[in-house]
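Protein chains in written order, with the numbering used here: chain H, 1 to 154; chain Z, 1 to 485.
Do not rely on the hints blindly, as some may be mistaken.
Unchecked claim - As a list, the in silico BS3-like pairs of lysine-lysine whose alpha-carbon atoms are at most 30 angstroms apart:
1. Z:Lys44 / Z:Lys60
2. Z:Lys154 / Z:Lys139
3. Z:Lys154 / H:Lys107
4. H:Lys107 / Z:Lys139
5. Z:Lys154 / Z:Lys238
6. Z:Lys333 / Z:Lys284
Note that these hints are calculated values from the structure, not bench results.
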Amino acid sequence: MGGQTLIMGLGNPVLTDDGVGIHVVERLRCEGAPEGARLELAGTCGLGLLEIVAGYERLVLVDAIDAGRRPGTVLTLGLEELDTLSPAHAASSHEVDLPTALELGRKLGLPMPGEVRIVAIQIADVSTFSETCTQAVRDAIAEACEVVRRICGV
Amino acid sequence: MAQRIVIDPVTRLEGHGKIDILLDDAGNVAQAFLQVVELRGFEKFCEGRPIEELCRITPKICGVCPGAHHMASAKAADAVYGVTIPPAARKLRELFYNAHIAHSHLLHFFALAAPDFVPGADAEPAKRNVLGLIDAVGKDFGVQVLRHRGYAQKIQGLIAGHPIHPVAALPGGMSLALSEEARAEIEPMGDSLVAFARRCLEVFDELILSQPEHRELIAGDIYHHETYYAGLVDPDGKVNFYDGQVRVVDPEGGELALYDPADYLDHIAERVEEWSYLKFPYLKQVGWRGLVDGPESGVYRVNALARLNVAAGMASPLAQAAYENMYDFFGRKPVHHTLAFHWARLIELMFACEEVQRLARDPEITSRDVRTVPSEKPGEGVGVVEAARGTLFHHYQSDSKGLARSVNLIVATAQNNAAMNMSVKKAAQALIKNGKVGDGILDRVEMAFRAYDPCLACATHTLPGRMPLKVCIHFRDGEVRTFTR
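Kindly generate the complete structure, drawing on both the sequences and the hints.
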């Protein structure tokens with residue numbers, strides 16, 4: 001386990017735009033993961049994340065966000081911005097959010113990634129059951145993939 | 001003067017809700033309401049799908065208790081097809097499911113609940129989470145928590161095909177038998193889980209029960225409601241997460257009902273209140289008197305404390321000893337103290353771990369005979385389990401081709417909706433006086449709510465994860481203020 005970059009898609013795949021992070025990573029998988037990067041899917045952040053991310057130098061999360069922007073807008077955030085902008089799952093209050101999980105990992109002596117970026121896509125609808133995203137968000141998946149590749153230095 | 005007290009967001013919950021607190025002229029609490037946002041289209045989403053696909057789809061409603069939905073759905077699918085699963089399949093489902101419960105309870109206690117007590121509601125917000133807890137209990141124990149969470153998840157993955165998207169249960173049993181190799185991997189994890197669960201009970205004793213201020217909080221009057229309780233019991237009347245009959249007891253512990261889960265509609269009715277998307281299930285036999293305590297009110301509670309209250313005991317030795325210890329502490333049964341849910345959760349953790357250990361050693365657990373292929377025409381079926389958060393009902397109607405025609409769920413958190421509202425109000429009334437509100441006081445009101453381990457994601461199929469949450473405090477003069485943590 002471990003290596004250069006871990007790209008992790010978060011979300012609920014049956015709640016319309018909530019699953020956009022999953023769709024982005026699945027598309028990256030079809031296109032071929034960036035060199036040196038590994039792809040993973042998860043639901044939300046939490047204690048379970050720690051053993052998955054341990055040993056990677058860089059963590060790129062892909063998640064849905066409601067930041068009041070035009071649906072389909074792709075944002076790139078650092079950990080420090082999670083106080084003001086809350087991606088749906090990276091800032092989840094399910095158990096522990098991302099910054100807390102990472103700090104806990106460090107406290108317990110686990111090798112946590114030194115660089116963390118969150119690629120977040122503005123949602124339109126996260127309150128209807130559906131396995132597909134709304135059109136605007138679907139149209140943003142390709143752009144989000146590009147953003148992820150750029151972060152990975154490709 | 002802070003007239004409006006807002007708990008925004010309600011932290012450390014699954015999904016989110018909104019708490020409205022209404023103050024009177026004197027700045028004391030007149031009313032409190034818990035509201036949640038509605039999710040749409042669940043029935044439509046399920047309709048037309050093959051019944052067995054529901055077993056894989058319903059776990060995705062929320063990432064928190066996929067295992068519970070997987071089990072309830074499989075049992076409903078068994079019932080739709082009128083098929084009895086082989087004994088080995090039941091054991092395998094039970095092994096999976098007890099690992100799921102262990103995972104859920106462990107996570108809830110350490111990530112969500114314990115930080116309320118250690119370092120405590122008066123500590124600074126930055127310490128009131130699992131990081132502050134680790135500072136108090138030590139790094140080694142923190143490593144143990146992570147390790148055992150991992151074991152509980154690994155066991156689920158080995159049996160159900162995937163640690164967070166279980167797929168193996170289907171009508172008639174399981175699609176995959178357990179190999180000896182996998183069983184041999186699970187066995188030592190089970191042993192380690194039992195030792196860990198014992199340690200958790202010790203930690204609870206050391207850090208919480210032996211501290212007078214925490215004991216006072218748990219045994220005090222603020223977090224206390226005299227309600228009915230409901231949960232599944234096995235043929236000996238002991239707690240069982242996977243299967244049993246529903247037992248309902250009144251506030252004095254007398255049995256009101258013991259029924260087959262398929263008959264739930266004879267016993268549970270749902271009240272609609274215009275200010276809440278989430279309905280209020282209540283006991284039909286007793287009737288609805290509003291959000292009040294007492295034997296005349298059909299409000300009932302589910303989840304860990306309720307399960308222990310309706311049961312004759314725990315079916316495994318270490319859990320039974322812990323059960324007796326708790327009832328000795330309170331000196332009565334049922335226990336009505338809401339914070340005892342946390343204690344009950346650890347007793348159940350003990351039971352779940354002992355079950356994992358027992359089932360991993362059962363010679364039948366690696367049997368190849370784990371599926372009875374359905375041969376009856378599909379009809380209608382109800383599947384019920386005790387999710388970590390309380391009784392979970394899945395009710396399916398199938399067409400003649402085995403496609404879902406209608407799907408109804410009653411989730412655990414919905415059944416605690418009335419009690420949660422009552423608990424928030426009572427805590428708010430006791431702790432917010434003359435408009436005075438401190439950070440610690442706000443957290444105490446949330447404590448009332450979090451004791452239920454609510455998962456609002458299921459309750460109205462609300463969105464998991466954090467969303468902007470408002471707690472609105474309404475002044476008598478019409479002013480409304482919002483707080484954010």
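Against the structure, the hints:
1. Z:Lys44 / Z:Lys60: 15 angstroms, holds
2. Z:Lys154 / Z:Lys139: 23 angstroms, holds
3. Z:Lys154 / H:Lys107: Given that 30 angstroms is the threshold and the Cα spacing comes to 23 angstroms, the pair holds.
4. H:Lys107 / Z:Lys139: It holds: about 7 angstroms lies between the C-alpha atoms, which stays within 30 angstroms.
5. Z:Lys154 / Z:Lys238: 27 angstroms, holds
6. Z:Lys333 / Z:Lys284: Given that 30 angstroms is the threshold and the Cα spacing comes to 23 angstroms, the pair holds.
The earlier numbered hints are all upheld by this structure, with none contradicted.
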